[in-house]
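J.: The residues making up each chain are set out below.
Protein chains: 2
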Amino acid sequence: MTVESVPTAPRMKAADRRELILEAATAVFGAKTYVGTTTDEVARAAGVSQPYVVRLFGTKEKLFIEVIDRAYDRLIEEFRAVLPGDPEDLGRRMGTAYTDLLVERGMLPVVANSTALGGEPEIGRVARAGFSRIWRFIRDEAGFSPEQAREFIATGMLINTIVGLRLTGDYGDEVSATEVLDACFPDAVEKVRSLLPAAGEPW
Amino acid sequence: MTVESVPTAPRMKAADRRELILEAATAVFGAKTYVGTTTDEVARAAGVSQPYVVRLFGTKEKLFIEVIDRAYDRLIEEFRAVLPGDPEDLGRRMGTAYTDLLVERGMLPVVANSTALGGEPEIGRVARAGFSRIWRFIRDEAGFSPEQAREFIATGMLINTIVGLRLTGDYGDEVSATEVLDACFPDAVEKVRSLLPAAGEPW
DNA sequence: AACTGTAGTAATCGACTGATAACATGTCAA
DNA sequence: TTGACATGTTATCAGTCGATTACTACAGTT
Chain A
1 MTVESVPTAP
11 RMKAADRREL
21 ILEAATAVFG
31 AKTYVGTTTD
41 EVARAAGVSQ
51 PYVVRLFGTK
61 EKLFIEVIDR
71 AYDRLIEEFR
81 AVLPGDPEDL
91 GRRMGTAYTD
101 LLVERGMLPV
111 VANSTALGGE
121 PEIGRVARAG
131 FSRIWRFIRD
141 EAGFSPEQAR
151 EFIATGMLIN
161 TIVGLRLTGD
171 YGDEVSATEV
181 LDACFPDAVE
191 KVRSLLPAAG
201 EPW
Chain B
1 MTVESVPTAP
11 RMKAADRREL
21 ILEAATAVFG
31 AKTYVGTTTD
41 EVARAAGVSQ
51 PYVVRLFGTK
61 EKLFIEVIDR
71 AYDRLIEEFR
81 AVLPGDPEDL
91 GRRMGTAYTD
101 LLVERGMLPV
111 VANSTALGGE
121 PEIGRVARAG
131 FSRIWRFIRD
141 EAGFSPEQAR
151 EFIATGMLIN
161 TIVGLRLTGD
171 YGDEVSATEV
181 LDACFPDAVE
191 KVRSLLPAAG
201 EPW
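Top to bottom, those sequences are chains A and B. Residues in the first sequence are numbered from 1 upward in steps of one, following our numbering. Residues in the second sequence are numbered from 1 upward in steps of one, following our numbering.
There's no promise every hint is true.
Which copy is meant is left open, so a pair is good if it fits within one copy or across any two.
With a straight-line cut-off of 20 Å between C-alpha atoms, the simulated SDA-like cross-links for lysine to any residue are [claimed, not checked]:
id: 1; residue 1: K62; residue 2: I123
id: 2; residue 1: K191; residue 2: G36
id: 3; residue 1: K13; residue 2: S132
id: 4; residue 1: K62; residue 2: D73
id: 5; residue 1: K13; residue 2: D173
id: 6; residue 1: K62; residue 2: V35
id: 7; residue 1: K60; residue 2: G36
id: 8; residue 1: K191; residue 2: Y171
id: 9; residue 1: K62; residue 2: S49
id: 10; residue 1: K62; residue 2: G36
id: 11; residue 1: K60; residue 2: V35
id: 12; residue 1: K62; residue 2: Y52
id: 13; residue 1: K60; residue 2: I123
id: 14; residue 1: K13; residue 2: L102
id: 15; residue 1: K62; residue 2: T39
id: 16; residue 1: K62; residue 2: A14
Hints were generated in silico from the structure; no laboratory data involved.
Please build the complete structure, drawing on both the sequences and the hints.
T.: Structure below.
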């Protein structure tokens, strides 16, 4: 006789489960901000119980810290992957690498959110360290001048704003949304639009 | 005989009290984000009771919406004030107008925070409308090209990041903080630093 | 002086949330 | 096989927060 189907998550090595939760947490934190998400939402998204999330990471804050640290890692990893090639073209390749990260749900929003939390003692430290790592990569490994680095990161922050505001939903209907998207993604507007949710929330 | 000093706030016209609360709310929301601040903190900062804040504005959400709407108003007001003069120099003047707004506590952080809340139905609408107003001002009244507008706003978003991360506290100690501040405020680093709190929270 | 609207507070409630404790079950080496 | 550790859950708590209710007191009008 078939036993009533298990209410518990299928067994998995803790390390794998952690990774799975981190992925889910990135999506949820990215969609609802750090303070705005509950550990229970993260748990549901990962398919485990809320107390288990807390036990695996200690506190919600520690979980978020791992999430943003992992996001900055990921960012640099993608940038580094496009280093080889024509130096003249590096800026464009890195820009593409950045927007390509839109497919990994929450990744960019989580980074954006972290930059607003510099006032939090622990989180602030990690966020500043993340920014510092990115900046030094761009300067030292990518070889950008300070002015080029400023320009590149500024553009990234504007992209975060576009994502956070859900501006893609207004493309074509609203002048400013249309213009800013055209200006930021000269030949990739449709691709970006397909990667992002409309003003309706899901993602 | 002198009566025990009043525990209640000195009487004031409701319109004035609203303005006072909006100012306090801007500072608190700016320091701790929308979700992260309580109506009680806003009330204390404004010197009134928590229920009174709620009664004057209906809900916390409506209060925040008034706060960000007012912040976008203020932004455009300052930009418009520097319109007269050499068009060649307008970009620089508007940049200065932006950083000058750092003296109004919470103003810039609140705008930054609003750009992360596009997923919230009501707040998202107001935030997108605010962005749209700024963009159209820059394009139509300031006469910037789409590319100039993109560059200008991107720089603004990077400044928001610097503020949110509390990077000014690391100036001189940390290479990336030093470089990005020098790049963003070529001849106003000290002024900006004096306007901002260190990594320690107050402001 | 009494009436009426306005400005403001204290008390309290219900819902939510992060964390803890206690318990259950699967896995694997000896 | 057994025992010990690892994986995971249910139950529950203590604190927090936005909102509601009911009350107090002041100010201006007639």
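J.: My question is about K62 and I123: at a cut-off of 20 Å on alpha-carbon distance, are they close within one copy, between copies, both, or neither?
T.: Only inside one copy: K62 and I123 sit 9 Å apart there, 29 Å across copies, limit 20 Å.
J.: Is the C-alpha distance from K62 to G36 at most 20 Å within one copy, between copies, in both cases, or in neither?
T.: Both: 16 Å inside a chain and 17 Å across chains, each within 20 Å.
J.: With identical chains treated as interchangeable, where does the CA-CA distance between K62 and T39 reach 20 Å or less: within a copy, between copies, both, or neither?
T.: Within one copy only: 12 Å inside, 26 Å across.
J.: Quick one: K62 to A14, C-alpha cut-off 20 Å, is that within a copy, between copies, both, or neither?
T.: within (17 Å within a copy, 43 Å between copies)
J.: For K62 and Y52, with the copy left unspecified, which applies at a CA distance of at most 20 Å: within, between, both, or neither?
T.: within (14 Å within a copy, 36 Å between copies)
J.: Quick one: K60 to V35, C-alpha cut-off 20 Å, is that within a copy, between copies, both, or neither?
T.: both (10 Å within a copy, 15 Å between copies)
J.: Is it within a copy, between copies, both, or neither that the alpha carbon of K62 lies no farther than 20 Å from that of D73?
T.: Within one copy, since 16 Å is at most 20 Å while 38 Å is not.
J.: Please work out whether the CA atoms of K62 and V35 approach to 20 Å or closer within one copy, between two copies, in both situations, or in neither?
T.: So K62 and V35 pass the 20 Å test inside a copy (13 Å) and across (19 Å) alike.
J.: How would you label the pair K60, I123 (within, between, both, or neither) given a Cα cut-off of 20 Å?
T.: within (11 Å within a copy, 25 Å between copies)
J.: At most 20 Å between CA atoms: does that hold for K13 and D173 within a copy, between copies, both, or neither?
T.: neither (49 Å within a copy, 42 Å between copies)
J.: What label fits K13 with S132 when the C-alpha limit is 20 Å: within, between, both, or neither?
T.: Classified as neither: same-chain Cα gap 33 Å, cross-chain 49 Å, threshold 20 Å.
J.: With identical chains, the pair K191 and Y171 could be close in the same copy or across copies; at 20 Å between alpha carbons, which is it: within, between, both, or neither?
T.: within (13 Å within a copy, 39 Å between copies)
Of the numbered hints listed earlier, those contradicted by the structure are 2, 3, 5 and 14.
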